[in-house]
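Chemist: One letter stands for each residue in the lines below.
6 protein chains.
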Amino acid sequence: MLNRNIETFIACDSEYGGAKAALFGAPFDGTVSYRPGARFGPKAMRGESFGIETYSPYQRRDLLDLAVFDCGDLELPFGSAESALKLIEDRTARLLDDGKLPVMLGGEHLVTLGAFRAVYAKCPGARVLHFDAHADLRDDYLGDALSHAAVMRRVWELTGDGGIYQFGIRSGERAEFDFAAAHTNMTMFGFDGLERAAWELAGTPVYFTLDLDILDPSVLPGTGTPEPGGVSFRELLDAVLMLKGLNVVGLDICELSPHYDQSGASTAAACKILRELLLVML
Amino acid sequence: MLNRNIETFIACDSEYGGAKAALFGAPFDGTVSYRPGARFGPKAMRGESFGIETYSPYQRRDLLDLAVFDCGDLELPFGSAESALKLIEDRTARLLDDGKLPVMLGGEHLVTLGAFRAVYAKCPGARVLHFDAHADLRDDYLGDALSHAAVMRRVWELTGDGGIYQFGIRSGERAEFDFAAAHTNMTMFGFDGLERAAWELAGTPVYFTLDLDILDPSVLPGTGTPEPGGVSFRELLDAVLMLKGLNVVGLDICELSPHYDQSGASTAAACKILRELLLVML
Amino acid sequence: MLNRNIETFIACDSEYGGAKAALFGAPFDGTVSYRPGARFGPKAMRGESFGIETYSPYQRRDLLDLAVFDCGDLELPFGSAESALKLIEDRTARLLDDGKLPVMLGGEHLVTLGAFRAVYAKCPGARVLHFDAHADLRDDYLGDALSHAAVMRRVWELTGDGGIYQFGIRSGERAEFDFAAAHTNMTMFGFDGLERAAWELAGTPVYFTLDLDILDPSVLPGTGTPEPGGVSFRELLDAVLMLKGLNVVGLDICELSPHYDQSGASTAAACKILRELLLVML
Amino acid sequence: MLNRNIETFIACDSEYGGAKAALFGAPFDGTVSYRPGARFGPKAMRGESFGIETYSPYQRRDLLDLAVFDCGDLELPFGSAESALKLIEDRTARLLDDGKLPVMLGGEHLVTLGAFRAVYAKCPGARVLHFDAHADLRDDYLGDALSHAAVMRRVWELTGDGGIYQFGIRSGERAEFDFAAAHTNMTMFGFDGLERAAWELAGTPVYFTLDLDILDPSVLPGTGTPEPGGVSFRELLDAVLMLKGLNVVGLDICELSPHYDQSGASTAAACKILRELLLVML
Amino acid sequence: MLNRNIETFIACDSEYGGAKAALFGAPFDGTVSYRPGARFGPKAMRGESFGIETYSPYQRRDLLDLAVFDCGDLELPFGSAESALKLIEDRTARLLDDGKLPVMLGGEHLVTLGAFRAVYAKCPGARVLHFDAHADLRDDYLGDALSHAAVMRRVWELTGDGGIYQFGIRSGERAEFDFAAAHTNMTMFGFDGLERAAWELAGTPVYFTLDLDILDPSVLPGTGTPEPGGVSFRELLDAVLMLKGLNVVGLDICELSPHYDQSGASTAAACKILRELLLVML
Amino acid sequence: MLNRNIETFIACDSEYGGAKAALFGAPFDGTVSYRPGARFGPKAMRGESFGIETYSPYQRRDLLDLAVFDCGDLELPFGSAESALKLIEDRTARLLDDGKLPVMLGGEHLVTLGAFRAVYAKCPGARVLHFDAHADLRDDYLGDALSHAAVMRRVWELTGDGGIYQFGIRSGERAEFDFAAAHTNMTMFGFDGLERAAWELAGTPVYFTLDLDILDPSVLPGTGTPEPGGVSFRELLDAVLMLKGLNVVGLDICELSPHYDQSGASTAAACKILRELLLVML
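Residue numbers (numbering that gives the first Met the number 0), protein chains in the order written: chain F, 0 to 281; chain Y, 0 to 281; chain E, 0 to 281; chain C, 0 to 281; chain Z, 0 to 281; chain S, 0 to 281.
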């Protein structure tokens, strides 16, 4: 579990023993059908995190006051999605066993399935809070059950109906929206009803998964499948702050593909949201 | 009229005979004074259209249910604007004769003149609905009557006073705004009054021309003349949805210059707006 | 004071004698700790200024009606901040002596200190209006008192408590916000209270400094330290228009780093804001 | 076998029946460990092929005089290398059965295995001519037998010792060079001995595989793993011309990753080499 | 003839009266069929010229010792090739009348025709020395006689057979090479025979036109039509040095399209060649 | 001296105690007059080093067999060149005292002065072997004695006449070449005479400094001041291999500015040369 030979996310340089949360990267983008590159997300976030401050004027709190460990990146095989998911599941389980909040940096969205499997094994009633542009509810993608376009369908197979709360969804096949109407709690386009959902989820263990492409591509062009018409940074930030007090038992940030944004603004947005998330959760 | 040797816009692969609408590219940027590149717009839109879905959650309709043919691109001479306009006019006329809705992908904004000439010949009372950052009402540009900065002035010479409804205009010479005050219906900066305009235009044949630089450059940096202070994607989308029910007899989307946005977000925005437009119109 | 061998900002080609305002570039980025490149800002603004119009539909006024001289860029040593500041101070003093409004194009934000020293010497009671994402109130940066992260602290040493009005601040160390609470008038995140500040400042000589990174990185990715969650172009424009009538005795625009935005949209935003500022001030 | 909805490589628009050779794209990069993107290679080559001429002044022959069909791209699953290889093998076998020379556009280098399996089944004594920067002779990569770094090892398992002629190799693990010394005919760094190899191979069925990263990264920066110290374009061209008269029964061009070279020069080099190869082979 | 409001090429800031040579830009790319952008060439060369030195260690001479005037750029209409050529011809004629060596910075290659018309009118027996990747000998391009692909054909109509010496040609249609065999002195691929040509041309008035795409795209990716297999920088430099002593009465450098090379290396190559040319000629 | 929180250069993860050589980054570019960015060099080299192999087929040796420690980067103040040099000198001295070969990764070329001061204090007769495109022999740059354009002049003030051997120089002011003729051993353009120099230097302590812009910009566009006409990668590699057996007591690699080459090829070239240097030296 040592983080040899890595540069940590800013201020996440606590010793493992005393850490309340542990970051790890899951640099996998093996099932991406359109534009790969999310494998470079975790490394870019660590490297660019030194361009933001540790202090949040939104929460008036400072990362320097937290105890977070950064495990570095998992070494994942690109050719085999199932093997990659197993390695992610094992790491997440280990962190949970050690009493750390697992915080995963994707990678494509499929990695959520690995982490959630471990969380669900530990907290059988856990529910999923899902911010995304895409429904990710396909039954399969070109026959492939393990695809970033099908990850929430796989998660639903664990949680059953009503176990997933989706916000911001603005893209999918017609069948995905039909499925959502029957089986998940989906809010399209934005965060209407998030406050109520937070109230419903109070006390329940929650896994939070953030697909960064919920942001408008003007804010985050650095992602594999830019989908116009998304939320602004302030809208996402306000939604994240609303999670304060939830019983979050695991979380991830996915789908930053930094090479598609040479300005670095996308990576800066991802870093700042991670800072705020850590300060909200800990 | 065959579309040999092209890759069509997503789901626009109907046979010509049964198609209700027909796309064609007009990859011309020969009069652009500042930064060329709109010639690459149609090809980029076709290639990247596979990154969006065919289904619209905004309209709950699917491109797969429409019958659209994609003619591919016209082969246009760069050195002669008049020749290019003639070829565009002929293609538009042919599509109108065959009972198809012509949908042109520019290219720079001057191409609108070619298409509108054909539409106006067919529907003499047609009016023009114009979304743009720039007034495009110069009498000429460096002595050139055929310029993308003068295209609406040329269109006005056909329609006469009151024939053009302009929205979103935020840039031009003083003389252009003076001209507009006297001769066109111009709404500056946004879409105030669009609902009323739609009501006025009900039943009248309308040519709709969309210069994508009406969008803020944060949303669409990939254009020849980025003009800060534009509308958001959602504002444009809402405006497009308001066109439902109009008697649109021809339309175009212009001024995507994809090379200026390596992230692909500009092209994605153009593709998504085209999807919504086709679903609104058909 | 001749502007030999330069290409001026659009329509700023008045003769020096009759000019009411004088632009000059301060292409210095020697203390930037994160990503350099602001040295290229003034040249990019001049070169790209021809992509915008001279006429403002917001103010219904035209740059062509003003008399502005463009001095070109100062030649500044990169290795020595103090020397650079001295050259900036001298140039500003000379312009003030000649009765011109000095308009400086940065360069990193430290250049403000040079210009303000000259202004303060001439107008001892001058106050500072500061638009920025960052507080810039550090006492030093890695022991360096002359740093772009400390420039407002240095300015405060001149003006004393209450002399600085800060707007839009969304990033800094905890100590900077504590300092601001005690010593400056800081509005976080946006422009609330700007109208009241303008009322308070009426009649007082004001130095206006605009760090362009107050804009959201979606609007202006081309800057050294992109900080998500900023204001929109329209919000900044509205704020700038609110400065009408203030007794502005000097001003600057800083921190455009054009190489980080290959689309040119960042530079276009900077040019348009400068046009509006000149029209507001003169 | 129809090429619906594609834009062919320049002048490769013959009807299938009369074609002597058939191009197909294998847009797979699922095992790439470092930088993905070779999936975009075939599409880039088709799109940019119109920037070169059909006539070769080197061979004084013209693509217009050949009969080549372009099948478009295979649709390949990214998550499963074995499934992708099977689809490639089937396509290659079908083309061989129909008497066409299969010409595959990668994709990463692993795709060669699929095509060669079909070729080897048809021509059991076939040998392999391999131009590359990398030995590609690992036994596995992170435990994965199907990896672009192991593809020649898999090919060797079919051909046995002496069945592979490698040229230009300048990178690999020590063990790969040891393996080559025992089992393949490897020429390091360049093309010394190619003429002799061509003489040895006369009459034998040969599969030719070209990993474009044999070119120096100055010539072809657009590849996943740039390896400095490669051959010049003229050296590669001369080597290709030396293949005239060989009994080539299948061939591929791999590892163009066009997004890493925004200038388009890499894609132009790939297109020109393909033109010369087609003219040499047919 | 004054150069108001421009930044000159390095050290070309002599007064007009005493200047032996005069630079002017011809920022026209209106007939480019593939990728436009050469219009940005002259401005990029001026701006980046300050990255090279004025002293040549190859010739042991210094630009500072010459007297060169820089006229800035012509303002050319993009829509009309003939009008643009007329303006170029007029400027060249005026410079010749004033006894200055005209040095034109393109722009696409068609601009050569305008300058050569003026030169030929003044020196009826003038011959043309042409360095290029492309033959540029088409009779027309899509029916257009004024095209950058036909410029040498148009020049030949003035000079007649044997009046053009072409070097480095490696691309064209078969018909162009056939035409060259009958009517021009063409050396393919490189500079073999240049020394002999220089000997033949001794004393004759010579117009020298350099299409920068003669350089390999590794050296100059920033051009509209990159053609692999070109000469190295040193080969071009040596060829340029061989022109010492020729009676050059006009010259141009064309087809730098700087946006396609974000590194700036292409522009640096163009600047350095221009420095060497000026030192050779004056 | 611990390397906490860094990602090392490939295979340079030995413990400090047993290491024969120690890498450290000097990410300083504070005196760069043209294009900054060399501060990003060391980090880019570490991050991209995993794209090359540890084994060298040129030397048939492997980095895995060496013992090298990577100290990470020094934290250097950008505003003060003298302070930065002092920190570099201290680090170098400490490594020398501990018996390690210091291997510095720049940064701009001025950093060489800091390291050489320490080396010269330890080995008073040390000479300098200097590979570069630029002479770097100015007395000052805009009055600044500490400039990357003057670094070799400062070094000469320590070594005296004949102490510096320069190779590859192809750019400078006339005065620099005059100075070299009198005071250094300069070989222009390439490596002629390197073998003889190596023979002369046998046994003498040598400091080796490599400015990567000696490479042609086609090979290494990612540098602040690209100078066309440089050596190829193979020429540089051969020259480096010729250093085998020299008594090198310190070395550096400077002037990689990775942001100017988005393809990564420049960084790959720097990494590969560093691998070869380490294998030659240890």
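These are calculated hints, taken from the structure and not from any lab test.
Heads up, a few of these hints could be off.
The list treats identical chains as interchangeable, and a pair is accepted whether it falls inside one copy or across any two copies.
To be verified - Straight-line alpha carbon distances no greater than 25 Å define the calculated SDA-like cross-link-like pairs of lysine to any residue that follow:
1) 19 / 234
2) 85 / 139
3) 243 / 173
4) 243 / 172
5) 85 / 195
6) 121 / 64
7) 243 / 141
8) 19 / 172
9) 19 / 116
10) 85 / 198
11) 19 / 58
Note that this is a predicted model, so its numbers are computed, not measured.
Chemist: All the hints need checking, so say for each whether the structure fits it.
Modeler: Do the hints match the structure? See the list:
In this assembly of identical chains, the alpha carbons of residue 19 and residue 234 never lie at most 25 Å apart, being 28 Å within a copy and 40 Å across copies at closest. Taking CA atoms no more than 25 Å apart as the test, residue 85 paired with residue 139 passes in both settings, with 19 Å inside one copy and 20 Å between copies. In this homomeric assembly, residue 243 and residue 173 come within 25 Å of each other (Cα to Cα) only across copies, at 21 Å, whereas the closest approach inside a single copy is 34 Å. Taking CA atoms no more than 25 Å apart as the test, residue 243 paired with residue 172 passes between copies only; the shortest distance there is 22 Å, against 33 Å inside one copy.
With identical chains, the CA atoms of residue 85 and residue 195 are never at most 25 Å apart, being 34 Å at best within one copy and 50 Å at best between copies. In the homo-oligomer, the alpha carbons of residue 121 and residue 64 never lie at most 25 Å apart, since the shortest distance is 28 Å inside one protomer and 45 Å across protomers. In this homomeric assembly, residue 243 and residue 141 never come within 25 Å of each other (Cα to Cα): the closest approach is 39 Å inside a single copy and 35 Å across copies. Only between protomers do residue 19 and residue 172 lie at most 25 Å apart by alpha-carbon distance; the minimum there is 23 Å, versus 40 Å within a single protomer.
In this assembly of identical chains, the alpha carbons of residue 19 and residue 116 lie at most 25 Å apart only when taken from the same copy (21 Å versus 47 Å across copies). For the identical chains of this complex, residue 85 and residue 198 are neighbours neither inside a copy (33 Å) nor across copies (51 Å), given an alpha-carbon limit of 25 Å. In this homomeric assembly, residue 19 and residue 58 come within 25 Å of each other (Cα to Cα) only inside a single copy, at 19 Å, whereas the closest approach across copies is 46 Å.
Of the numbered hints listed earlier, those contradicted by the structure are 1, 5, 6, 7 and 10.
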